[in-house]
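Those protein sequences? They're chains A and B, same order as listed.
Read in order, the letters of the first sequence correspond to residues 1 to 108 in our numbering.
Read in order, the letters of the second sequence correspond to residues 1001 to 1169 in our numbering.
It is worth saying that the hints were derived from the structure and are not from the lab.
Hints are supplied without guarantee of correctness; some may be wrong.
Said to hold, decoys possible - The list that follows gives simulated cross-link-like pairs (lysine-lysine, BS3-like), each with its CA atoms no further than 25 Å apart:
#, chain 1, residue 1, chain 2, residue 2
1, A, 71, B, 1044
2, A, 9, A, 71
3, B, 1117, B, 1104
4, A, 100, B, 1044
5, A, 100, B, 1060
6, B, 1060, B, 1117
What the hints assert, rightly or not - Facing chain A, according to a computed beta carbon distance under 7 Å, are these residues of chain B, among others:
#, residue
7, 1074
8, 1075
9, 1079
10, 1082
11, 1083
12, 1086
13, 1089
14, 1090
15, 1092
16, 1100
17, 1102
18, 1113
19, 1169
The beta-carbon is built from N, C-alpha and C at its ideal position, and this holds for glycine as well.
One letter stands for each residue in the lines below.
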Amino acid sequence: MLFFAAGSKAASLHWTSERAVSVLLLGLLPAAYLYPGPAMDYSLAAALTLHSHWGLGQVITDYVHGEPSIKLANTGLYVLSAVTFAGLCYFNYQDVGICKAVAMLWSL
Amino acid sequence: MAASLLRHVGQRCLWTRLSPSLSMRHVVPMGTAAKEEMAQFCDKNTQSNRPMSPHITIYKWSLPMLMSIAHRGTGVAMSAGVSLFGLAALILPEQFPYYLAFVKSLSLGPALIYSAKFALAFPLTYHTWNGIRHLMWDMGKGFKIPQVYQSGVLVLVLTLLSSAGLAAM
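Please build the complete structure, drawing on both the sequences and the hints.
In structure tokens:
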């Protein structure tokens, strides 16, 4: 996804960050069920967007070949992630919020 | 397992370019000669115009392989779902309760609602349980082939049970 200079610690840091966000998200799911509210809504918006962004970045790394295509795909991914995060935050601010939305959906 | 590993390594010379700091942490940073050699290798592969791995169809399907692809599949599908949800929040004129009331007004049967909830819960529970399995691997645990199968079956059982439970909520 990102091109790191050989010998830099950035790739290793990135790998560790991916795991940290995964574990965070793992904890957020039951936490959001137990303590729903704006703090959980925005934490979920951020963690879901970041986890998706990095996950899709891995997909691009694996399947997209050629320098121009990789650049295009990564730019597209950044736009998608930005719009997704904006949309989720807008939903949390203007609408019922993620936790409430899931609860309402599940009450059907 | 070995085949998919090989495939993964063979598929991406890019990967070697990305992660030297992961695999060779204690090695002196690569000089230009090694980098050039790798670039040459990648160029040669591109120029040879051979069919690109993975040749999915030549492998005999195994549970770990299927589960690996399903992990990525569920991840991409849920990412798409979250993005569509965010986009819908920005674009659609009405708020969430309005659309929910519309679904309610359809008075769908309980079987259909249960199925829909199961379909929503399934990718989430699968990706979550299998994600824990991945985190265990990341800690270096459970790499023996029988363990890979055992943890795989455990993930599938937990996925079915928790999806059924969540759908019933």
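Against the structure, the hints come out as follows:
The hinted pair formed by residue 71 of chain A and residue 1044 of chain B meets the criterion: a straight-line CA distance of about 22 Å does not exceed 25 Å. At roughly 22 Å between alpha-carbon atoms, residue 9 of chain A and residue 71 of chain A fall within 25 Å of each other, so this suggested pair holds. For the suggested pair residue 1117 of chain B and residue 1104 of chain B, the alpha carbons sit about 14 Å apart, so the restraint of at most 25 Å is met. Restraint check for residue 100 of chain A and residue 1044 of chain B: not satisfied, since their Cα atoms lie roughly 55 Å apart, outside the 25 Å limit.
At roughly 45 Å between alpha-carbon atoms, residue 100 of chain A and residue 1060 of chain B are farther apart than 25 Å, so this suggested pair is violated. A C-alpha spacing of about 33 Å is found between residue 1060 of chain B and residue 1117 of chain B, which places the hinted pair above 25 Å, so the restraint is violated. For the restraint placing residue 1074 of chain B at the interface with chain A, the shortest Cβ-Cβ distance is roughly 10 Å, beyond the 7 Å limit, so the hint is violated. Below 7 Å, beta-carbon pairs count as interface contacts, and residue 1075 of chain B has one with chain A at about 5 Å; its hint therefore holds.
Interface hint status for residue 1079 of chain B: upheld, as the beta-carbon distance to the closest one in chain A is roughly 4 Å, under 7 Å. At its closest, the beta carbon of residue 1082 of chain B sits 5 Å from a beta carbon of chain A; the interface hint therefore holds under the 7 Å criterion. Among the interface hints, the one on residue 1083 of chain B holds; its C-beta lies about 4 Å from the nearest C-beta in chain A, closer than the 7 Å criterion. The interface hint given for residue 1086 of chain B holds, since its Cβ lies 3 Å from the closest Cβ of chain A, which is under the 7 Å cut-off.
With a least beta-carbon distance of about 4 Å to chain A, the hint placing residue 1089 of chain B at the interface is held under the 7 Å criterion. Hint on residue 1090 of chain B holds. Least Cβ distance to chain A is approximately 5 Å, under the 7 Å limit. Hint status for residue 1092 of chain B relative to chain A: violated, with the closest Cβ pair at about 10 Å, above 7 Å. At its closest, the beta carbon of residue 1100 of chain B sits 6 Å from a beta carbon of chain A; the interface hint therefore holds under the 7 Å criterion.
For residue 1102 of chain B, the shortest C-beta to C-beta distance to chain A is roughly 11 Å, which exceeds 7 Å, and the interface hint is violated. Contact between residue 1113 of chain B and chain A, as hinted, is supported at the beta carbon level, the nearest pair being about 6 Å apart and thus within 7 Å. Below 7 Å, beta-carbon pairs count as interface contacts, and residue 1169 of chain B has one with chain A at about 6 Å; its hint therefore holds.
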